[in-house]
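> In the order they appear, the protein sequences are chains A and B. Here UniProt numbering is used: the first residue of the first sequence is 1, the next is one more, and so on. Here UniProt numbering is used: the first residue of the second sequence is 1, the next is one more, and so on.
Because the hints were derived from the structure by calculation, they are not lab data. Heads up, the beta-carbon is just placed ideally off N, CA and C, and yes, glycines get one too.
These stretches of chain B come out as covered by chain A in the derived footprint (C-beta under 8 Å, 3 or more residues):
| hint | stretch |
| --- | --- |
| 1 | 66-77 |
| 2 | 222-228 |
| 3 | 235-243 |
| 4 | 248-262 |
27 Å max Cα-Cα, derived DSSO-like pairs, lysine-lysine:
| hint | chain 1 | residue 1 | chain 2 | residue 2 |
| --- | --- | --- | --- | --- |
| 5 | B | LYS107 | B | LYS217 |
| 6 | B | LYS5 | B | LYS217 |
| 7 | B | LYS107 | B | LYS371 |
| 8 | A | LYS241 | A | LYS157 |
| 9 | A | LYS262 | B | LYS217 |
| 10 | A | LYS265 | B | LYS217 |
| 11 | B | LYS107 | B | LYS374 |
| 12 | A | LYS270 | B | LYS217 |
| 13 | A | LYS265 | B | LYS5 |
| 14 | A | LYS157 | A | LYS242 |
Each chain, letter by letter, is given below.
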Amino acid sequence: MASAFWRSLTLPAVAAAASSAAAGATLFSLRPRPTLAFADDEALHPPHINWPHSSYLASFDAAAIRRGYEVYRNVCSSCHSMNRIAFRNLVGVAFTEEEVKEMAEDIEVEDGPNEEGLMFSRPGRLSDILPAPYPNEEAARYANNGALPPDLSLIVKARHGAENYLWALLTGYRDAPQGINVREGLYYNPYFPGGQIAMARALYDGAVEYEDGTDATTSQMAKDVSTFLAWASEPEHDQRKKMGLEWIGAFSILFFFMLYMKRFKWSLYKTRRLEFR
Amino acid sequence: MRLLKRPILSIVNNHLIDYPTPINIHYAWNFGFLASICLIIQILTGIFLAMHYTPHVDLAFASIEHIMRDVNYGWLLRYIHSNGASMFFIVVYVHIFRGLYFSSYTKPRQWVWVIGVIIFLLMIITAFIGYVLPWGQMSLWGATVITNLVSAVPLVGDSIVTWLWGGFSVDNATLNRFFSLHYLLPFIITAASLIHLAVLHQDGSGNPLGIDSNVDKISMFPYFIYKDLLGLLVFIIFFSLFIYFSPNALGHPDNYIEANPMVTPAHIVPEWYFLPFYAILRSIPHKLGGVVAMISAILVLALLPWIHGTEIRSSRFRPVYRFLYWTMISCCLILGWIGGMPVEDPFVLIGQIASVYYFFYFLFILPLLGKIEKFLLEFE
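So here's chain B without its partners, still in its complex pose:
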């Protein structure tokens, strides 16, 4: 094992083998590891898919069908990649909500959290761009709706949209640059993830009790490597159920119709993992306002380390927060449901109430709760 003390290999040793880990972190702490596995799966399958894919409006859809029908195990590669995106978001959402429950974002890990929000933003862009590549109806029209949001920017909005498209509509130039960006962004996500990890390892992981992690630490290997691998096996089985038994359950049938600029689908729905944000976007009856609200819904997460006003981290010792936390989960689920519904009553009103609650929760309830908890802690 002297080899592991050499330069470069010592990085592996210091971060994956001898790395001191709090003994009491439980299975909710598996999801960071799972997210890195998802990223690796997406990059590997993506590289092989790109060998058979053609980014041209006349050929993209046909090349996907070529992958599905004629490439050996092409269907497997593509179903892993398309369902893998959903799995990645499931894992990352659990990872984020674990952070919210145990206040993992508090100092000294505030920058880990901020970098995490940046990774989440990059993931959203990458997933959206990737959904355009098969060039089905939902690809084209989803891309048209979402890129059009940029036109809400005052004065220069329309020019920016034309610049983004590389033309006057979502067309071949757009598809080409989206393919290029979809290949590039995962590597930027990888870099950001490594920074996420490096900054995390400065102070080490938090733990479910929210106390000083340095009290009781054990080495990463074998304890947490085995624990992570056990979680990975459960994840692989869950993932396989989708790939092998209902590979299109998370997709939309319209994306198996080749893109046609002359025919608009009856309902333009984004992928399920965007639905809560889509609901916030549509809840505001003003284009620019909606776009600002949607982006703020993500950015507001980055403010959490400074919103959090109490010394206590873990929800185990914060009964009021624990209750409010579940209202937040319900709020996100309701928003997700509304995002998939047509713009009609009563969905519009429910969506607006949920959107208001979302921001009210982060910008008003949480700071107030922090103040109350701080007051109670110091109360004698």
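In isolation and in its complexed conformation, chain A is listed as follows:
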């Protein structure tokens, strides 16, 4: 009697499940489109680019980091600092120690105080951070129409879209469409939240001359500097993925041993027969 009643409940339950699935599908079709989610600071979503390092088992392209550093030093570094990157970080990544020492010695660093209590200048060392263009935030704002060029050490991790966003932003400058008034001192860039950015287009074909002879087109430079900045944000990237491969490989092997052990230990109980008399 009771079980018949239970069975009669099955149909309404299935009907209810179906209607809730239908409701779920409706809700899903109403799901936010990306632009809707950022409605109050509208920006175009950057295209997804297949970076040489984006695959699970890929390392950074060292030559691209090297070229990217050239772009940073010759173009970006006139406004943007990289406070968390020291010369020593570049060693073994894209440059040899001698090359980096030479680069470091080219700059003057204020040090001190010395025994007489005076500050003095000395050539840079491996342990010095990359030189910043401005002494402080106020100077940076004053030189840039009130806008503050962000430090680039973490920029890839600190932006939605990461490298894709940087590449799209650097190559995305264009004339504003009709009907959009770009404010004085700003530039139109659809990838920047709000569409108006204080940074002028910085990369033009041939803006740097690559030492390895690569053609310095805008998109090439944008790609290289984005790779360099991705490395700066995640210097542990290559080691991390390699460790991940080792770690997951080791635990996968352990898993099969453990699976055998578990089944071995349980075999007696799994094959027992209960008799009720």
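Based on these hints, arrange chain B on the given structure of chain A.
For chain B alone, coordinates are given in the frame of chain A:
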């Protein structure tokens, strides 16, 4: 093995080795063990991170970057700890929903469940406080939004907030005390977990059939130790995918921007594991009401042993409940989705409907269903 009969060591024996366990508990019962592993991982990595971290507004963000860049395997420690929090919540959510599916909260295990809800509350506070420590933009603004909720308390709310902050905004004093509390609370969670376990072992685990567990029990070692370790290996592999291949997938990019009280982020979003509760909070267009609803959403779970009105435990024998259970899961997923969306139509309305359903489910549907099932059981 005579050693294991000695005082203190006999506790290990009685609870981990010879402990009688129902033979039929399946892999959903691994998650309690996994939660304890998560707690141990968080405490160990946390202790080592604290050796390199500086709880000062000018230095906290820099010290995190120092850990990431200059400390040997510091990035690994930090990524284990930050993703570990997410893993802990995944494990605990599965653990809770296993309890809901098999009605593990029914007598005689009602106090195990209530202590579990307390542990969950402590975890929420600990995780929230921990997210403030890196002192990124989301840390600062998340802390500002959430601590401000206390100001909804009538009359003394503002004074309490000032007292919590140790000043007139989230600042150095707040960061310092949050660091201290973030170190303290995990040990309170450990104590609560041991009580959770001690009370559980009074009557033993439930089982997927929801019948008397004493019918057929076997020793914890080797059977369930091996079974738990097998689950642990799967968990470690899942965990590793996040740590090594997308360590920031569960975080927010804004937290890699140093905290700046002068700049408010466009969207202030809590960590993913808080989103359902955040959605309930924002669904109520009244500050105090929202806070009360959010806290009730957690506390209502503690009432379940007394809401449950039938003798049957397992969903295997409760077809109607089984269906309703999945509506509850959908409701929580919808709330989680709404929690990450801006406060606009249609999200507000969907969130409000889901919030109402959440409470309606626990306070009305479940008691009614219990009455119906009881009636049917006694019906001849």
